[in-house]
Each structure stands twice: as structure tokens, then as C-alpha cells.
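Asker: Sequence:
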Amino acid sequence: MPDTAALPGLPRALSARARTLAGAVRRRCADLARMESPSGDAPRLDALAEELVAGFEATGAVARREPGPAGDHLVLTWAGEDESLAHLLVVGHHDTVWPAGTLADWPVTEQDGLLSGPGVLDMKAGLALLEGAFALLADLGRRPHRPVRLVVVSDEEVGSPDGKRLVERQLPGAAAVLGLEPPHPDGRLKTARRGSTRVLLTVTGREAHAGLNAAEGTSAVDELVDQLVAVRGLACQPGTELNTGRISGGSRANVIAGRAEAELGLRFATPEAQRRTLDHLAQLTALRPGARVRTEVLSSRPAWPERSGNPLLRHVRSLAAALGQQVDGAPAGGAGDTNIAGARGLPTLDGLGAVGAGPHARHEHIRVDQLAPRIALLAALLAVPLPRLRERPKG
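Counting from 1, one number per residue, gives the positions in the sequence shown under the working numbering.
These aren't lab readings, by the way, just hints derived from the structure by calculation. Please note: incorrect hints may appear among the correct ones.
[Unchecked claim] Quick list of simulated restraints, FRET-style, between CB atoms: (1) 67 / 360: 24 to 34 Å; (2) 99 / 296: 22 to 32 Å; (3) 285 / 54: 49 to 59 Å; (4) 229 / 138: 36 to 46 Å; (5) 62 / 31: 35 to 45 Å; (6) 138 / 292: 33 to 43 Å; (7) 292 / 31: 18 to 28 Å; (8) 138 / 34: 46 to 56 Å.
Note that beta-carbon positions come from the ideal geometry of N, C-alpha and C, so glycine has one too.
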């Protein structure tokens, strides 16, 4: 069982106070979701970052804004009861996949115990829950057992091309890493994640009049189509999945296309599959004279494989049991910033955000009845000493 001596009467105190705070956290989830923050929209992301800083500072955090090319990232720290201990790292993000204006026809609403709205699950609610957990401890006159650092990046939904550096900077010396992404729909935490990479294929051809001088041109669109047919075979290789997410090219029907491009989304079950596939893409060459093919990796996260034995998950299970909850874990298909830590062998768990369903979909929602249990669990993770964790940081 966990060491609950750090807070006498821990289970009852946390559970009771979490139920009291659940209403405020629900309202906070809704308020954050009403602040649209699509990836790449720096003004909106920075406005939300300011709101998040105010909320976390009210719980005792020291906040630092880190400028990024598409909006500020946040690094927040809380002092621990024992400052000599290694820090606990929590990672999250405040960007969403939903474009500005989505609220006009999909407002934040609550019905039948579900709170729905763009970005409410992924992951405005996760940020609100952590804020609630720190507020709970503050209400009880306590600090976290060890120092806590929270990194909130502004570009996670596009692979954290810039935010990744901030997560990596906080990894050395971390005792464990927790992610605020939503759990599996049944509430299970995420114990492993596939790797993911976004690749841009750009083809350059030679423009010409499609009727008068077609032989003088080289169609970039035709070249791209043939490349994509060949690349599609990668999805048949073990451990690799491919989605062609976006295609563009050409200018007019009577002009041989001089340029075309496609953005590929790749997911990998193992580091070996990731290396093999990316090496293959890097070596693509044009299939027709006069065309050029270029491969650019836009963002990449390493595969975080499942490992036998998971002392951090056992610890969370024990805390949940003490709180009258049942929590388990399983690998996840998606990728996130916890991939970075998990791939390096640090004790890592993700899915500590709100329970719900429909991320990136129009039925995205959270379960209101699960807010109080998750607030209590997060507060317990902050307050209770970690057990000895066998896995050690690499680098």
C-alpha cells in the first residue's frame, strides 16, 4: 500500500475535498474550452497561456513563459515538502485541433452528465484537473511531497516541433513523468505509445502549357501520385501505419503542374519500424526525368514501448485503491509528449486527464461524474511519496 503517512487521513480528506471542488473544476473546464486556441494561432494561445498562469499561480506556482514561433509555452514549478528530492515532471498542452470559430456552431454545453466542446477533453480538462489538485492541497495547508514541474506546450497537436525542447530540458533528474492527456475511454491510463512522425513530400516538376507544349513539361502532380502509390506499401510493413493527410499541387487545368506536396502521418509500434520507414522515405528519388522529390520531417516522436513490470502503475493502482477507485493501464495508439520520456526509459504514465471520449471529433466530451475521482487521484500523486522506481533515466 502507498505511504499515506505524508498526510494523515489522506484518502478521506482528499476524496471529500475533491467532491467539494468538482463543481469549480467543471466550470473551469468549460471556461478554458470557451477560449479557442488552435495550433499556430499565437494571439489566442497567448491569451489562454495568461489565463492558465493566473490559475496556477493562485495555487502557489512560479510561472515562466517561454516564447515559441507559434505561441508561448509555459514552465511552472511548485516547491515540495522535501526540496532535496528529484522533481516530478508533468506535461500538457494548451493548443487544440479546432479552428477559431468552431464555437459558433458547437458551443460548450453540458447534458446528461457530459460536458462537450472543442478541446474540452484534449486537453483543457486535464489542465483544469491539475489546477484543482493543487488547489485541493493548498486548501489542506499542504505542499506536494517533492518539487513539481509542469510544462505546457503550445504546439503538441502538430507534433511539438518547438515545445519538444522544453520537455527534454526538464527530463534530466526527473523521478517520474506524468501526462495530462485523456485516458482510454474506460479510464485506463496509458502505459506505452506508438511513435509518430509527420513527413512532407514535396515534388518539383516543370511547368508548360498543357495543350500546346505538354511534352516540355514534367507534372509534379503525376510524380506525387506515383510516389504516394509506392509509399502506400509502407503501411503493409510490420509496426507501421500511414495516413496521407493532406495533398496540394498545381495551379490550373491547362498548366502542367510545377509543384505538388503531400503531408504524411506515420505511426510506429517499435523504434525499429520507425527507423526503417524514415530511412526509406529519406531515400525517395524521382520516377520521371525533370522531377525532383524532397522529404522533410516536420515533427517526430519516438516510440514508447510497453515494458514488463511497471512500478509507477502499481503505485497509482495502490493510491486509487486507497481512494476507493479502480485504475489500470494499457498501451495507447496515439502519440504525445510523454513519448519522449517513455522512450528514454523514465518511469512514465499518461492519461491522467479527464475521462471521456471523442478527441479530435465533434462528439468530444468529458464525464462530469469522473472529475472528483481524478482530482483526488492527482492530489494523492502529488502528496504521497513515490516508491522506489526501478527504471532509471537515460541521459
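Asker: Run every hint past the structure and note whether it holds.
Answerer: Here's how the hints hold up against the structure:
A C-beta distance of roughly 27 Å is found between residue 67 and residue 360, which places it inside the suggested range of 24 to 34 Å. A C-beta distance of roughly 24 Å is found between residue 99 and residue 296, which places it inside the suggested range of 22 to 32 Å. Against the hinted window of 49 to 59 Å, the Cβ-Cβ separation of residue 285 and residue 54 comes to about 53 Å, which satisfies the hint. The supplied range of 36 to 46 Å is broken by residue 229 and residue 138, whose beta-carbon atoms lie about 58 Å from each other.
For the pair residue 62 and residue 31, the supplied restraint of 35 to 45 Å is violated, since their beta-carbon distance comes to about 23 Å. Against the hinted window of 33 to 43 Å, the Cβ-Cβ separation of residue 138 and residue 292 comes to about 59 Å, which falls outside the hint. Between residue 292 and residue 31 the beta carbons are some 50 Å apart, a value that contradicts the proposed interval 18 to 28 Å. Under the hint 46 to 56 Å, the C-beta atoms of residue 138 and residue 34, about 25 Å apart, miss the expected range.
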